[in-house]
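> The residues making up each chain are set out below.
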Amino acid sequence: NAGVMQNPRHLVRRRGQEARLRCSPMKGHSHVYWYRQLPEEGLKFMVYLQKENIIDESGMPKERFSAEFPKEGPSILRIQQVVRGDSAAYFCASSPPQGRGGTDTQYFGPGTRLTVL
Amino acid sequence: DQQVKQNSPSLSVQEGRISILNCDYTNSMFDYFLWYKKYPAEGPTFLISISSIKDKNEDGRFTVFLNKSAKHLSLHIVPSQPGDSAVYFCAASDNDMRFGAGTRLTVKP
Numbered sequence: 001n002a003g004v005m006q007n008p009r010h011l012v013r014r015r016g017q018e019a020r021l022r023c024s025p026m027k028g029h030s031h032v033y034w035y036r037q038l039p040e041e042g043l044k045f046m047v048y049l050q051k052e053n054i055i056d057e058s059g060m061p062k063e064r065f066s067a068e069f070p071k072e073g074p075s076i077l078r079i080q081q082v083v084r085g086d087s088a089a090y091f092c093a094s095s096p097p098q099g100r101g102g103t104d105t106q107y108f109g110p111g112t113r114l115t116v117l
Numbered sequence: 001d002q003q004v005k006q007n008s009p010s011l012s013v014q015e016g017r018i019s020i021l022n023c024d025y026t027n028s029m030f031d032y033f034l035w036y037k038k039y040p041a042e043g044p045t046f047l048i049s050i051s052s053i054k055d056k057n058e059d060g061r062f063t064v065f066l067n068k069s070a071k072h073l074s075l076h077i078v079p080s081q082p083g084d085s086a087v088y089f090c091a092a093s094d095n096d097m098r099f100g101a102g103t104r105l106t107v108k109p
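As you go down the protein sequences, you meet chains X and V in turn. Under the numbering used here, read the first sequence as residues 1 to 117, first letter to last. Under the numbering used here, read the second sequence as residues 1 to 109, first letter to last.
No wet-lab data here; the hints were simulated from the structure. Treat the hints with caution; some may be incorrect.
[Said to hold, decoys possible] Only pairs whose alpha carbons sit at most 20 Å apart, straight line, appear in this in silico SDA-like list of lysine to any residue:
#	chain 1	residue 1	chain 2	residue 2
1	V	Lys108	V	Val87
2	X	Lys44	V	Gln6
3	X	Lys44	V	Asp96
4	X	Lys44	V	Arg104
5	V	Lys5	V	Ser49
6	V	Lys71	V	Ile50
7	X	Lys44	V	Pro40
8	X	Lys62	V	Asp96
9	X	Lys44	V	Gln3
10	V	Lys71	V	Asn27
11	V	Lys71	V	Tyr39
12	X	Lys51	V	Pro40
13	X	Lys27	X	Lys44
14	X	Lys44	V	Asn27
15	X	Lys62	X	Arg84
16	V	Lys5	X	Gly59
17	X	Lys44	V	Ala101
18	X	Lys44	V	Thr26
19	V	Lys54	X	Thr105
20	X	Lys44	V	Lys108
21	X	Lys27	X	Lys62
22	V	Lys56	V	Gln14
None of the values given here were measured: they were computed from a predicted structure.
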């Protein structure tokens with residue numbers, strides 16, 4: 001059973017470009033979470049999704065950031081018109097469908113390191 | 001608004017001794033607590049958890065203690081090993097999970 005997959009592992013973008021980060025949850029998991037880790041800081045919650053639904057996006061910046069988890073395919077975190085401050089490691093985690101979702105043990109992917117030039 | 005705080009950014013311990021990592025939280029609605037361990041260039045991995053109905057949970061060398069009245073939990077690692085050197089994140093949840101900033105543990109041989 002493969003773990004949580006994230007790609008790309010490293011992504012370089014110039015200011016103003018778009019960044020798309022992909023996350024494939026563990027098999028059988030229907031809850032996906034995105035976190036951002038800024039340099040010298042801990043993990044910051046961004047968004048919690050289930051298939052085709054955004055459950056909690058209280059940690060998402062109001063502009064330029066969006067996330068989706070379609071019925072088929074990976075979850076996508078999209079950052080439009082990237083700025084240097086978006087440079088960070090973005091981690092995806094997944095958890096199984098039983099339980100309360102946000103309280104389940106989460107299994108993390110290896111992260112995508114975004115660098116904005 | 002930091003609901004989960006790890007006030008020590010780093011900790012250095014000699015191999016074989018006890019490592020104690022601390023975590024404080026402010027939200028009394030949190031009822032489930034976890035510790036994650038993170039190596040460089042990897043995602044966090046689950047280590048141990050505790051429900052708010054307990055005050056202690058033990059798994060091998062790792063023990064988590066919960067003091068609800070003080071809103072404080074700690075992770076004890078004994079004996080510490082060099083392979084334990086990593087960043088440790090404390091997490092707390094009610095319906096959402098919130099992480100602390102992490103404590104970098106270095107275990108010296």
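> May I ask which of the numbered hints given earlier this structure violates, with the numbers listed in increasing order?
11, 12, 13, 20, 21, 22
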